[in-house]
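Chain by chain, the residues:
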Amino acid sequence: MARRSGFSAQTLSVLASLEADPTAWRHGYLLATETRLRSGTLYPILIRLAERGLVEACWEDGQPAGRPPRHLYRLSSDGLALARAALAEQARLNHRRAAIAGRAGGRRVAARGA
Amino acid sequence: MDRCTGLLAGLLGRSARLLPAARREWAEAVLAEMGEVPAGSARVAWLCGGLWLVAREIVTVRWVIRALAFAAGAVGLVWIGWPGASSNSATPLNRVYVTGTVVALAVLPWAVRRRFGPVHGGWAPRAARVGGYAMVLALIAAKAVKDRYGSKLGAYFVIVPEFWVLEIVLLLVIVGYVAGLLILTSQHVRLTRWGLPVGIGFGAATAGVLYGLAPFGVNVDPNGPSLKWWGVAALALPVATGLLVGRLAARDTRPAVLTPEKGALQGCLAASCATATAALLVAVLTSITIALFPHQVPLEGTPAAGGGPGAGYIAGGGCETCDPVNTVIPPSLRHEYWVEISVGQAGIVPLAFLLFAPFVGAGLGAFAGGFANRSRGTRGRAGGGPHAASPPAPVQPLGHLRASDADREQAIGVLKAAFAQGRLTKGEFDARVGHVFTSETCADLAGLTADIPPG
Chain A
1 MARRSGFSAQ TLSVLASLEA DPTAWRHGYL LATETRLRSG TLYPILIRLA ERGLVEACWE
61 DGQPAGRPPR HLYRLSSDGL ALARAALAEQ ARLNHRRAAI AGRAGGRRVA ARGA
Chain B
115 MDRCTGLLAG LLGRSARLLP AARREWAEAV LAEMGEVPAG SARVAWLCGG LWLVAREIVT
175 VRWVIRALAF AAGAVGLVWI GWPGASSNSA TPLNRVYVTG TVVALAVLPW AVRRRFGPVH
235 GGWAPRAARV GGYAMVLALI AAKAVKDRYG SKLGAYFVIV PEFWVLEIVL LLVIVGYVAG
295 LLILTSQHVR LTRWGLPVGI GFGAATAGVL YGLAPFGVNV DPNGPSLKWW GVAALALPVA
355 TGLLVGRLAA RDTRPAVLTP EKGALQGCLA ASCATATAAL LVAVLTSITI ALFPHQVPLE
415 GTPAAGGGPG AGYIAGGGCE TCDPVNTVIP PSLRHEYWVE ISVGQAGIVP LAFLLFAPFV
475 GAGLGAFAGG FANRSRGTRG RAGGGPHAAS PPAPVQPLGH LRASDADREQ AIGVLKAAFA
535 QGRLTKGEFD ARVGHVFTSE TCADLAGLTA DIPPG
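Taken in sequence, the protein lines are chains A and B.
Its first residue numbered 1, the first sequence is counted upward by one per residue in the numbering used here.
Its first residue numbered 115, the second sequence is counted upward by one per residue in the numbering used here.
Chain A with its partners taken away, still in its complex shape (with noise of 0.2 Å):
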């Protein structure tokens, strides 16, 4: 039930960090500092998204001074539609969830009270 969207909480928080501004183009550490995952958990993600055609992927144009040039990514059509489609599910299951936490704890609370 949780994860009706197929997609796991690791890949959620990557698509919704990419989500959060769809046009601009983000390099790796960017996003492993907004989703605070480990780089072995990243990178396949993101092999994984891009092999599906929900993410673009490119390496930096021209020569920046004083480091490599990074590979770059974000959403592409399609993987924007889906990431919003995916963390609006997500959110109302969060919701929901959220909401029977609340009545059973309201519950609880009124059995403790009785």
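Hint data in this document are derived by calculation from the structure and do not stem from the laboratory.
All C-beta atoms in this analysis are idealised placements derived from N, C-alpha and C, irrespective of residue type, glycine included.
Keep in mind that the hints are not guaranteed to be accurate.
If you want the footprint, here are the derived chain A segments under chain B, 3+ residues with CB under 8 Å [what the hints assert, rightly or not]:
| id | region |
| --- | --- |
| 1 | 23 to 31 |
| 2 | 37 to 48 |
| 3 | 61 to 70 |
Here the structure of chain A is known, so what remains is to put chain B in place on it, guided by the hints.
This is chain B only, laid out in the frame that chain A set:
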């Protein structure tokens, strides 16, 4: 810490080169981001994640899997077949076998690849290679265990030079089998469609029957029909394979299939493959059976009518003359000696069959294949004879129509997509594109893309 990051970065860069190009850039991306990560433990953790990524991706690379599987098989063989120091006279022999086989199995693919190209596309050649390697490893391991059991009384089994020669010849024969397997399944040898599965399938079925008749490689029931006659009956195998494959080759219109006289050549190849499969499989199965159940091996000969342990021993081994050092076996050891010599002798006949089976198969198969090809040519397709009902080569509807350039472009598109998806190696892709340009009919083109799933 700096040295540690430098080391990890170097390692990551090197190992990334082992990945296919599509995956390599992801590992390079991790490396490119390294400068962003704060120096110290965070950067080390970042690089370790990159190495983990490479390790995850590398197990999907085919040659790595193959190398790991082979290493596991080789270690297993050494584990079983490498004897410790002992008075067992099979010890030096087993060491030679284990070393020779592992080296041959590792080096031959490389040598064959240089001369005959990489493995042929499709499932059958790959499966044949994996199966063949497993067979050879199992044979050497089982033979080592069997020989060890069969010469525990090492002092009475002195290995004479003639015996060494025989064993080295047998080792070379096994190496020859591996080479033959690799060559038959390589790209430059173009067996007709179904040629390899038919050869191996017929061979395996025959091996099953022969093994069932004599699980220990010797007559279990001395009053039963002699094994010799079953061996003669098994000659039907190369004939049947040659006839069937010759006919399949006659129907195969791809220009890539060997011509002229393709029936004879294809029959010869497929039938030698069939007899080799049968001989190898019988040798493997009997050797394993003897190694697992040495106590059930029928004792050689029967105790002479006169009875007594001495009579039994002489009938069993008769080795009072052939053993140069100890001609007299103490009476208390005679039964043990008899058992061991029976175990050592059992399974020799199947191993000897290994030597000439492929040649018999090749000769008979060439005749049968040529005959099938010619008879088909004169009688035409309708007069198919008994083999017309055999599994036919897949025929594409309208396949006989001449191909247009648009058809060729379309086939190349399919091949390109398959190459991009990693279904074809660069070598296989180039070879097939080459064939696309020489193809004349739609069936030829369909054959080149037949093993690629749509989409």
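Numbered hints the structure breaks, given as an ascending list | none
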